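Chain B: place on chain A using the hints.
There are 2 protein chains.
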Amino acid sequence: MHEINIEKKILMKNDEIASGTRLAFRKMGIFAINMVSSPGSGKTSIIEESVKKLGVKAGGIAVIEGDQETELDKKRIERCGVPAHQITTGRACHLDAEMICSALEWVMDQKNLKLLIIENVGNMVCPAEYDLGEEMMVVILSVAEGDDKPLKYPALFNAADVLIINKIDLTPQTNFDIERAKKNALKINPGLKIFTTSCTTGEGITEWCAFIAGLAAKGTEVKE
Amino acid sequence: MHEINIEKKILMKNDEIASGTRLAFRKMGIFAINMVSSPGSGKTSIIEESVKKLGVKAGGIAVIEGDQETELDKKRIERCGVPAHQITTGRACHLDAEMICSALEWVMDQKNLKLLIIENVGNMVCPAEYDLGEEMMVVILSVAEGDDKPLKYPALFNAADVLIINKIDLTPQTNFDIERAKKNALKINPGLKIFTTSCTTGEGITEWCAFIAGLAAKGTEVKE
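Read top to bottom, the protein sequences are chains A and B.
The numbering of the first sequence is our numbering, which starts it at 307 and goes up by one.
The numbering of the second sequence is our numbering, which starts it at 307 and goes up by one.
Please note that a few of the clues may not be correct.
Stated by the list, open to error - List time: in silico EDC-like cross-link candidates among lysine to aspartate or glutamate, alpha-carbon distance up to 16 Å: (1) LYS493/A <-> GLU375/B; (2) LYS358/A <-> GLU384/A; (3) LYS493/B <-> GLU375/A; (4) LYS333/A <-> GLU411/A; (5) LYS319/A <-> GLU404/A; (6) LYS315/A <-> GLU313/B; (7) LYS314/B <-> GLU313/A; (8) LYS359/A <-> GLU509/A; (9) LYS314/A <-> GLU313/B; (10) LYS315/B <-> GLU313/A.
What the hints assert, rightly or not - Chain A residues, not near chain B, derived (Cβ > 12 Å throughout): (11) ALA330; (12) LYS358; (13) ARG385; (14) VAL431; (15) GLY508.
None of these hints come from the bench; they were simulated from the model.
Please read all numbers here as calculations on a predicted model, not as lab measurements.
Note that beta-carbon positions come from the ideal geometry of N, C-alpha and C, so glycine has one too.
Bound-form chain A, shown alone:
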């Protein structure tokens, strides 16, 4: 019981910090997105394609990268001409609100920022419980991973607002059934908005980008 109480306290403290961070983002007119998935589902590639396509159209974009180790993803994003900030979590398996709050100064230094994309540590479990102060949580599932994943990791699919089914160009080489994946995901969370994308062929990226550009343009009026 003692351990559970400690965990509850950690999550409550996290929620408090996240609420403050969300307020700060809103005051600055920044729409923040939290991208969550297992390792290698294509989070970074989707962000790369998104920032290339959105360019300056959606106003200023910046990216916060979360990884256990390395600055590889920060460098990938910077090569697309967009400012990126790396958080290395060491042993921790998820970003938390405190880490994002500690990056607020860096966020404030980015001029005319409208859209902040936060790429979480690759993990389908723990990030579901840690509010980062974002407006929208996006879960990415690659067709290489299997269409049963929404049923096996329900907490994440339940916490998310959007599902991106990625790497759809690989579908013919797998036994992944896109319609079954959608059905499984909607069974867990009927409110999910779903996109299907491929960063290799570019399919679906335009629709996804139009969606987030719209949200960034409307700013935080959406949920406030």
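Leaving out everything else, chain B in the frame of chain A:
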């Protein structure tokens, strides 16, 4: 600091239970393998192909399946004619020694058991820290996930004894470089034994099965 001490205590308690469990497995002549990877890298498929190929040759085989929710994987394994036991972890992102210890009675009920394969919850972070009482930890990385993963999740690749690079039939459709992945993995852990496999074409499965059949035949003399 208080939180860190609690975490240390949890890990110390886990290590104690794991040591006891390992001793029990050894007394029973069971070689236990802990299979770890991110969701959808093909753990269950590799186990399916392995138990089909090994058949009775390696003596009795049983499988413990770890998932947050569902008994889907237990059913998949049972369809291969091998006994399986499902552990659903609920909110927890990894199996721990206590969960495996609690399954000891089920393990003891399996007659002439030589090889116990434990499939962990899909997660590249936390399972690295939780000894389950196994003799060998195997990490699986699918070519759909990217060859940079050993650098980004070093704790797991460092804790593992074996790396299986899976879904190699998909390599031409990805920018995954198998040699670079091996190099990255060996940079983190020079002692890693590496297999490359595809459950679709069957490539590499024979070599992998010969390896674990050898270990199961030798029993736990290997490390005792």
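Now for the hints, and whether the structure bears them out:
Proposed proximity of LYS493/A and GLU375/B is supported: the alpha carbons are some 14 Å apart, at most 16 Å. Restraint check for LYS358/A and GLU384/A: the C-alpha separation of about 11 Å stays at or below 16 Å, so the hint holds. A threshold of 16 Å between alpha carbons decides the hint, and for LYS493/B with GLU375/A the separation of about 14 Å falls inside it, so the pair holds. Between LYS333/A and GLU411/A the alpha-carbon distance is near 14 Å, which keeps this suggested pair within the 16 Å criterion.
Only pairs whose Cα atoms come within 16 Å are accepted, and LYS319/A paired with GLU404/A is accepted, the gap being roughly 9 Å. As the CA atoms of LYS315/A and GLU313/B are separated by approximately 14 Å, the hinted pair is consistent with the 16 Å bound. Between LYS314/B and GLU313/A, the direct Cα distance comes to roughly 14 Å. Compliance with the 16 Å bound is thereby established for this hinted pair. Restraint check: the Cα-Cα separation between LYS359/A and GLU509/A comes to about 13 Å, which is no more than 16 Å; the hinted pair holds.
Taking the CA atoms of LYS314/A and GLU313/B, the gap is near 14 Å; set against the 16 Å cutoff, the hint holds. Restraint check: the Cα-Cα separation between LYS315/B and GLU313/A comes to about 14 Å, which is no more than 16 Å; the hinted pair holds. With a least beta-carbon separation of about 25 Å from chain B, ALA330/A lies farther than 12 Å from that chain, consistent with its non-interface assignment. The Cβ of LYS358/A sits about 17 Å from the closest Cβ of chain B, beyond the 12 Å cut-off, so the non-interface label holds.
Every CB of chain B is more than 12 Å from the CB of ARG385/A (nearest about 15 Å), matching its label as outside the interface. VAL431/A, annotated as away from the interface, has a beta carbon of chain B within 12 Å; the closest lies near 3 Å. The claim that GLY508/A is not at the interface with chain B holds, since no C-beta of that chain comes within 12 Å of its own (minimum 15 Å).
Taken one by one, the earlier hints fail for this structure only at number 14.
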